[in-house]
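Engineer: This is what each chain is made of:
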Amino acid sequence: MENVATDENWKTCFSQLAPGLLLFARQWAKSTADAEDIVQEAFVRFWRKQHDIANRGLLYATVRSIALDFLRRDSRRARRESTAVSEMDQTVQPLFEIEDESQRALVASLDLLPNEQREVLVMKIWNELTFAEIASVLEISQNTAASRYRYALAALKKHLPSV
Amino acid sequence: MNDFSEIENKLRKLRPVQPSADLVARVERALAQERSTSTAGVLPRERRFHFNWLSLGLGLAAAAALVLFTRVQLERPAKKTPTLASITPPPQFSSPNSTAQLVPAGLTQVVYHSRDEGVHFPNNSEQPMRRVRSHTRETLRWRNPTTGASLRISYPSEEVSLVPVTGQ
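So the sequence lines, in the order shown, correspond to chains A and B. The opening residue of the first sequence carries number 0 in numbering that gives the first Met the number 0; numbering runs sequentially from there. The opening residue of the second sequence carries number 0 in numbering that gives the first Met the number 0; numbering runs sequentially from there.
Accuracy of the hints is not assured; some may be wrong.
To be verified - Here are the simulated lysine to aspartate or glutamate pairs, EDC-like style, with alpha carbons at most 16 Å apart:
hint, chain 1, residue 1, chain 2, residue 2
1, A, Lys10, A, Asp51
2, A, Lys10, B, Asp21
3, B, Lys9, A, Glu127
4, A, Lys156, B, Glu5
5, A, Lys157, B, Glu7
To be verified - Footprint (simulated), chain A over chain B, 3 or more residues, beta carbon under 8 Å:
hint, stretch
6, 4-16
7, 19-28
To be verified - Per label pair, the in silico range of CB-to-CB distance:
hint, chain 1, residue 1, chain 2, residue 2, range
8, B, Arg70, A, Ser74, 53 to 61 Å
9, A, Asn54, B, Glu5, 30 to 38 Å
10, A, Arg44, B, Arg70, 39 to 47 Å
11, B, Arg70, A, Asp51, 48 to 56 Å
12, B, Gln32, A, Asn54, 21 to 29 Å
13, B, Gln32, A, Gln15, 20 to 28 Å
14, A, Thr143, B, Arg11, 21 to 29 Å
15, A, Ala32, B, Ala63, 48 to 56 Å
Hints are computed from structural coordinates only; laboratory data are not their basis. Computed from a prediction, not measured in an experiment: that's the story for all the values here. Note that CB positions come from ideal geometry on N, CA and C, so glycine has one too.
So here's chain B without its partners, still in its complex pose:
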């Protein structure tokens, strides 16, 4: 605005106070300190790399923790069984090949559902029997003692048991 040109000129003639020598020295020192931790002559681009490495490290740590956690959970399925569970000692069945590296390491049987189907008289028996149907999941495990590798097979199964009724 030309109307204000005169006052603009007056304002421009006002000179702001100069920064102290101390401020200039402090800024130069700060820049030099930052530069000493990075490449010489240019801005510290490595800082981005530091950040990326940190992120990568944190990501790897989180992934390792997740793997460990998952492994622990898999190693202890019996703790999560809702009803009945049994862990047998390693089965003694012989390996078809004695030189095989995987050896049986255990059998886990988890009963996750059981249903009482009432009283029956099986095979025209006079003795009443209570029929209980159980759904289970069995897991067989093999382990290579030298390498630590493991193999597990898990499958569902159904079992019907007859329990004699007494005291009725």
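Isolated chain A, as found in the complex:
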């Protein structure tokens, strides 16, 4: 699809989407630095291929593809270097800017979700993708995407009875 967006459009687009993209990539990356590498590679690749700037589903699919490749490489590297990993490397870096304990508990509950539910939730809540777009990213049906979303919310509600 031909794209006539200017560089400023792309920069604006990136500044708006970057936090959500980063959060999306963090599902597969252990560190923020790795997630940023994934997002950078995905965004530049998406831009280079002249995709429509409005085609967010394809952008997230690109992030996901690169993240999964990264995860495979990282797993192999981790196996090779398992003896050299220090405690500091395993420190969990925050995904959210947490303001209070209730948010901390909510984030902790998010970590308990199955990956397939969490990625739908991340795309829906913090990236505002439609179920159609989510379905195209994950190559599943819209109904499946919506179901996973509902299951995720139900699980969170169960983990947080006060909600």
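Please arrange chain B on chain A, whose structure you already have, making use of the hints.
Structural biologist: Same frame as chain A, but now just chain B:
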């Protein structure tokens, strides 16, 4: 689902961490680098042209290689002859027109099939003769020495030879 509206609101209040300034700078730098190799202000459409030219170049190279290969094969028919072949020096027959630009360049005769038809006594001769029938293909070639143009005529022929039988 309205049942989940409250938890959805709580989730939306969670703010993902912002990307580092370094990431933004890296992306902007990457976009600028890509743009510097293409037209200014818009996406690098020329990249498609680079790819097309590359394909065209590869296609032309392949075609040239094929032409050269075919030419070499045509220039050396004798190497592919299965049985007998002979290449004569350029025939000395005179051209009907001495000013003609094409001059004889060679004659190639390839025997691709030969059959022994047994012993015969031709013309009531007492001397037995073995009759051998050969199928050949003869190729005459002319070449223009100034332009390098060439002309070749190829035709099948059949030859019957009688070989005296001795020692029987």
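Engineer: Evaluate each hint against the coordinates.
Structural biologist: Consistency of the hints with the structure:
1. A:Lys10 <-> A:Asp51: holds (14 Å)
2. A:Lys10 <-> B:Asp21: Holds, because 14 Å separates the two Cα atoms, which is no more than 16 Å.
3. B:Lys9 <-> A:Glu127: Within the cut-off at roughly 15 Å; holds.
4. A:Lys156 <-> B:Glu5: holds (9 Å)
5. A:Lys157 <-> B:Glu7: holds (14 Å)
6. 4-16: Check passed, 11 qualifying residues.
7. 19-28: Satisfied; 7 residues make the cut.
8. B:Arg70 <-> A:Ser74: 53 to 61 Å: holds (55 Å)
9. A:Asn54 <-> B:Glu5: 30 to 38 Å: holds (33 Å)
10. A:Arg44 <-> B:Arg70: 39 to 47 Å: Distance hint for A:Arg44, B:Arg70 holds at roughly 45 Å.
11. B:Arg70 <-> A:Asp51: 48 to 56 Å: holds (49 Å)
12. B:Gln32 <-> A:Asn54: 21 to 29 Å: holds (23 Å)
13. B:Gln32 <-> A:Gln15: 20 to 28 Å: Holds: the Cβ-Cβ distance is about 22 Å, inside 20 to 28 Å.
14. A:Thr143 <-> B:Arg11: 21 to 29 Å: holds (23 Å)
15. A:Ala32 <-> B:Ala63: 48 to 56 Å: Since the Cβ atoms of A:Ala32 and B:Ala63 sit about 50 Å apart, the hinted range of 48 to 56 Å holds.
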